[in-house]
Amino acid sequence: MLKILKYSFYDLIRSRWSYVYFLFYLVLGFVLLFLNNDVSKAVITLMNVIIVLVPLIGTIFGVMYYYNSREFTELLLAQPIDRNSIFMGQYFGVAGSLTLSLVLGLGTPFVLYGLFRSNAIFDFSLLLVTGAFLTFIFVGLSFVIAISNENKIKGFGYAVLIWLFLAVVYDGLFLMSLILFEEYPLDTFSLVATMLNPIDLSRILILLKLDISALLGYTGAIFKKFFGTDLGFFISIATLFMWTLLPILGLRYKAQKKDF
Amino acid sequence: MTIEIKELHKQFGKNRVLKGIDLTIEQGRIYAILGPNGSGKTTLIKSILGMVIPDKGHISVLGRTIKKDWKYRKEIDYLPQIANFPPNIKVKELIYMIKDLRNYPSTEGELIDIFGLEPYLDKKLSALSGGTKQKVNIVVAFMFDSPLIILDEPTTGLDPMALIRLKELIRKEKALGKTILITSHIMQFVEEMADDILYLLEGEIYFKGNIRELLEQTGQPDFEHAIAALTTTGNHA
Amino acid sequence: MIFHNLHIRCSLLLLIFLSAHSLWARTWTVCPSCENSSLKETIKSADAHDTLLILKGTYREFDILIDKPLLIKGVNYPIIDGEKKGEILRVQADNVTLDGLFIINVGVSYTKDNAAIRVVRSKHFLIQNMVLEQLFFGIYLEKSSLGKVYHNRIIGEAVDEYNSGNGIQLWYSTDIEVRKNHVQGTRDGIYLEFSDNINITENVSMDNLRYGLHFMFSNHDTYTHNIFENNGAGVAVMFSKFITMKNNTFHKNWGTAAYGMLLKEINDAEIIGNVFKENTIGINIEGSNRIHYIGNDFIGNGWAIRVIGACYTNRFKGNNFLYNSFDISYNSKLNDNVFEGNFWSSYTGYDLDKDGIGDVPYRPVKLFSYVVNRTPETIVLLRSLFMDIIDFSERVSPVFTPDNLMDAQPLMKIRS
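Quick note, the sequences are listed as chains A, B and C, same order.
Residues 3 to 262 in the numbering used here are what the first sequence lists, from first letter to last.
Residues 372 to 608 in the numbering used here are what the second sequence lists, from first letter to last.
Residues 111 to 526 in the numbering used here are what the third sequence lists, from first letter to last.
The following block holds chain A by itself, in its conformation from the complex (with noise of 0.2 Å):
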C-alpha cells in the first residue's frame, strides 16, 4: 500500500491541480493578513472558507482522481498487489496531498505572519486539523462513490449532491425542524443533529474554540459544557474519526467486490 500511496502521492504532487490549491490557500492566508492585519479575525474568516471550500475541493478532486486514473488503477490490479492496496494507497494519496497543499498554503503566510508569537496558534491548529479531518471525509465520500459509478457524469453528480447536502440542505432541515418543534426542548436534538454532519461538528468546534461562543447564548452555553469537557471534545474527534472511516469501510467493501 504504501508503494501504492508514495506514487499517487508524487503524481498529485507533482499535478498542476496541487498547485493551483496550494497557491489558492497561499494567497487567501497573505490576502487575510494583509487586509486584516489580525491573526484572530483571519482565522475567523479562513473557518468559513475551510467550511465550505475544503469539502468542495476535496469532493471534486477525489471523483477526478478516481476516474482519471482508472487505466492506471487497471494496470495495478494486473499486478501482484492486493486490491485494497491499491484503493487505500490512491485514497491516501489524494487526501494526504490535498491536506498537504491545504497545511503548507495556509500554515506559510501565518507562520511569516508571527502566528508562534501569537496566541491564535491553537485555534490555528484546530482550524488546520478539521481542515485535514475534512478532507479525508471527502475524498472518501467522493471515492466511495465513484468506485460505485462507472458514469463519469453521474459520479460526479452525485458527489456533488453529496456535498451539497451536507454542506447545505443538511442545516435547511435542520432549521427547519428547530422551527418546527420550538416548544420542545431541543439542545439535545441539535447536539446530536450537530454531531451527525461532519462539516457543522466542525464549524461548531471552531466557533466554541474561537470565543464566539457567547455570541450563542443559552444553546452555546450547553454546547460549550458538551464540547468543553475532554469527554465531549473525544468524542467529537471521535465522530470525525467514524466519518473518516466510514467512507474508507465503504470503500474497501466496494473495492472487493467491483469488476473492472
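Keep in mind that a hint or two might mislead.
Claimed, not checked - Below, a list of computed lysine-lysine pairs in the DSS-like style, where the Cα atoms sit at most 27 Å apart:
{"hint": "1", "chain 1": "C", "residue 1": "253", "chain 2": "C", "residue 2": "178"}
{"hint": "2", "chain 1": "B", "residue 1": "549", "chain 2": "A", "residue 2": "8"}
{"hint": "3", "chain 1": "A", "residue 1": "259", "chain 2": "B", "residue 2": "427"}
{"hint": "4", "chain 1": "A", "residue 1": "256", "chain 2": "B", "residue 2": "461"}
{"hint": "5", "chain 1": "A", "residue 1": "256", "chain 2": "B", "residue 2": "390"}
Think of the hints as simulated: they come from the structure by calculation, not from any bench.
Mind docking chains B and C on chain A? Use the hints.
Frame of chain A; chains B and C shown alone:
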C-alpha cells in the same frame, strides 16, 4: 496445466457475458482467444487476472485457486488494452515504478533497445503517440520472467518493424516454455502465432482446437474465412 | 433697648471670634505613636475647618464620624483598617475634604450597606486620591450634592453578587462630579439611583461583576471619556431621561448575556462618539425612544445593536459598523427608526456617481438574526453556508425583515 476453468459464469446487470466456461490451458503453448465484439473475451481474461469477480465457477492458475488471492499474479505478465498511464509520469519512472512494485529481476534494458525507446525515456507518458505508448506497454509487460503471459490486443498502433520485434519476442518466450494467451483482431497475426484457437461466442466456448482442425471443421480455404464462417454459423445457430 | 443692643454686640463679638478662629484653623497631626493616635478622638477634639494630617501607619478604627467641616489628609497613605467590623468613614457635614487615605476591610453585612466612605446629607465635599481595598461598598453618597469624587482607586474582590457592594454609589444625590476614578472588582462599578445632574468623566471601570456603570431613575446626567472593560455588562441605563453619553469606550463585555450598553426605558438621550468593541452585544435597546446615535464605532461585536420591544424615532447617523456578526437585530416587523449615512463593513454596493454614498441601500438586519430571535436554538447554525445563502436572498428581496429598515445612504468609506 497452467490454467483450469470450470463452470465460469459472469453477468453484468442483465447481460450474461460468460455462460459456463470450461477450459484448460496447457503449458508452453500460444492460445488465441477470438470472438466477435461482446463475446466475453476480455471478461474471460480479466477473470483469470482477478479483475472481474465471477458469479459462479472455479479458476485455478498454476494449481492455485485464485479466489480472494492476489499473490498468484506474480506468475502473470499482462499487457492491457490501450494503455493509458498516469499522464504526469515519465516513461522511465513508470518502468521503475512497476519494477519497484513487483520487486523482481527484469530485463527492461534489452526491451528498450529492441523497441528503440531510448529517446522517450525522459518524456512524460501524456506526450507519447499511441504507438509509442503501446511499445512502452509491451516493455512493461515483457520485462519480467513469468510463466504465464496474457496479451490483450498487443498489435494496436504498432509499426511493421515493431510488430516483427513483438512476434520475435513472443516466439522467444514460447521457446522458454511459457504459456501465452493473446486476443487480437488481426487474423494474420493470430494465424502466424497461435498454436490453439479459442473461439468465444455469446459467453460460451464455441470452438477450441488448432488451425488445421478449424479449417477442417468449417471447410474454408483459409483462416480468415474460417473465422468469419464460425461467426456467421454461430449467429444462425 | 440696652439689652437688645448688648445682645447684638455679643453676637458680633462672637462672629468676629469665630471667623478669627477659622482664619487661624489649627492643624492636628495624627500618628500611631503621637499624642493623637486615634482618628476618632482627634476628630472629636478638632474644631470645624481644622486640618488633620494622618501620618503613615495603621489605624484600626471603624464607624469614624466626621460631623464638622474638616480637611483630613493622609501623608504617604496611612492605612485605616476597619477589621471587617462595619462602616469606616461617615461624613455628615458640609465642606469635608478627604485626601490620600488607604482604607481597607469594610465589614460585609447582609442587612446594612456598609461603605468605606459614606457621605450623608452633605454638600461641597471632596473625596480624592483615596485607595479603597477589601471593601463591601466603596464610596456611598447619600442625599448629598455639589461634591466631587476625584482620582480614587477602588479595588474589590467581588465573587458573588449577593455579598458584594458597588464601587461608587450615588443615591438621591445631585450635582456631583465623578472624575478620573479607577473602579474594579466590585458589583456595579458606579451606581446611580435617583441622582440628577451628575457628571462622570474619565473613569475606568473594569472587571466588575455586574455593570461598569448603572443608572436607575436618574435624569440629566452625563458621562464622557470613560472606559468600561470586561464587566458583566458595560453600562446599564434604565428608566432615565436626558442622559448624554459621549466618547466612552465599551470593550470586551463578553459573556452569554453581556453587552456594552443596555438601554431600558430611556428617552431623549444622546449617544455620540463612543467605541463599542468586542462585546457580545454592543447596545441592547429595550423600549427607548428619541435617542440619537451619532458617530459611534461598533467593532467586532456579536450583535452591534439589538433592538427588543418598541423603540420609536431613534436616529442612527454616521456610525461605523465594522465586522460585527450581526449589525442590527430586530424582533418586530415595524420600524420607526432612521438609519442614514453609516458605514457598514459588509456593504457590497457600488458608487457610480462617486459622491461617497453607495447607490444601493444597505439592509442591516439579517434574516438569521430574525430567526434567532424567534427560536434561540437556531443560533447553532451561525456561520453556516445555508444561513449565508438565506441571508443573501433576504437581503436581495426582504420578506421577513422590515421593508423600510435600511440605510439609504450608506457610506462607501469608513468615517474617520
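>> Run through the hints listed earlier and report the numbers of any the structure violates, in increasing order.
In response: Failing hints, ascending: 2, 4.
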